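S.K.: With chain P held as given, fit chain X onto it using these hints.
Protein chains in written order, with the working numbering: chain P, 1 to 190; chain X, 1 to 190.
Since the hints were made in silico from the structure, they are not lab data. Among the hints, erroneous ones may be present.
It does not matter which identical chain is used: a pair holds within one copy or between any two.
[Unchecked claim] The calculated DMTMM-like cross-link candidates involving lysine to aspartate or glutamate, where the alpha carbons are at most 25 Å apart (straight line), are:
(1) Lys82 x Asp106
(2) Lys5 x Glu117
(3) Lys21 x Asp90
(4) Lys82 x Glu94
(5) Lys115 x Glu33
(6) Lys5 x Glu33
(7) Lys82 x Asp131
(8) Lys21 x Glu173
(9) Lys21 x Asp190
(10) Lys179 x Glu94
(11) Lys177 x Asp190
(12) Lys21 x Asp2
All figures in this text were calculated on a predicted structure; none of them were measured in a lab.
Number of protein chains: 2
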Amino acid sequence: MDILKQRILAEASVLNSDVLKVDSLLNHGVDPELTMEMGREFARRFAGETVTKIITVESSGIPVAFATAYELGVPLVFARRKRTLIGDADAYCERVPSFTKGIVTDLIVSRHLLKAEDSVLFIDDIIANGDAARGLLRIVDQSGARIAGIGIVLEKSFQAGGRTLREMGYRVETLVKIKSLDGNEIIFED
Amino acid sequence: MDILKQRILAEASVLNSDVLKVDSLLNHGVDPELTMEMGREFARRFAGETVTKIITVESSGIPVAFATAYELGVPLVFARRKRTLIGDADAYCERVPSFTKGIVTDLIVSRHLLKAEDSVLFIDDIIANGDAARGLLRIVDQSGARIAGIGIVLEKSFQAGGRTLREMGYRVETLVKIKSLDGNEIIFED
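Excised from the complex, chain P in its bound form (with noise of 0.2 Å):
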């Protein structure tokens, strides 16, 4: 996605050679029409697939997930992190490290919301070593629900994540790639 591209060019800032901010765009403020455009795009990638449902992570996955899902008209789950008291027994859950948050947290997912019947689309803001998006698809392992794909708006591939879904079999569609943060620059892949 070009517009995506130039977006980040303009307004993502390098922190360091593994980690970029781009708290304008995806994970603090949203542009609601880029983002109903990247869910229109998510769900053109996979119109082909069967999708009864989508699912993604709290928090930062919540605004792109809801517009894929609002575009294929079905609904969505985020995962919860960590319990609250109001929080179901009757639930799914995985503890996963967190790249950002430098913690370990539990994904909660009730189970009255994934159905073995399910045909489920993960879409999420950023994918870097992939934890939490193995302790989700784990999940949904877990409900006997089928993974119809993998949507990540920004892949930097200079991280395992990506690959390493790949290469679990996962059909992974990245609007955006980046495959270097070195010498505070952005470079995307080709």
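M.R.: Using the frame of chain P, we list chain X on its own:
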């Protein structure tokens, strides 16, 4: 919104006389079409106000806040709860208790996402005691921006949050008001 009342009666469950579980509708599973309808309703109700930005708190307010921002054609900002490793030192911060989580968290908004000339509409999914809402309003005050109004999907009017905000002089619009959950029964106002 009658459609929302019907969905609450069909899908929500009363956990105790203070807590309604709406996890298939609002804070875990999301119906995108219904959520866009909520966004259109907020856009209609605040059509006479100048709104330059929507603000909410992660996570469960994000879908309806996104829908409202999309309908009004303005950016969305969601406050983060607690600092991440890539957090911005240059951020507004307010400490608030969480009713459902039973803990205290920090609300964080990067300074560059709120400007003194903004006119901000705060959108959230549920209001109970209103602690997070008041924390977020203090952040908007710190930035010098104006509060254009407050839109809440579900107000538990037997708790003080909505009333307190109205007494502070804010325009508060709620889509559904619940006046009691006693005896395991959901009673709407009017």
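S.K.: Could you work out which of the previously given hints the structure breaks and list their numbers from low to high?
M.R.: Violated: hints 2 and 10.
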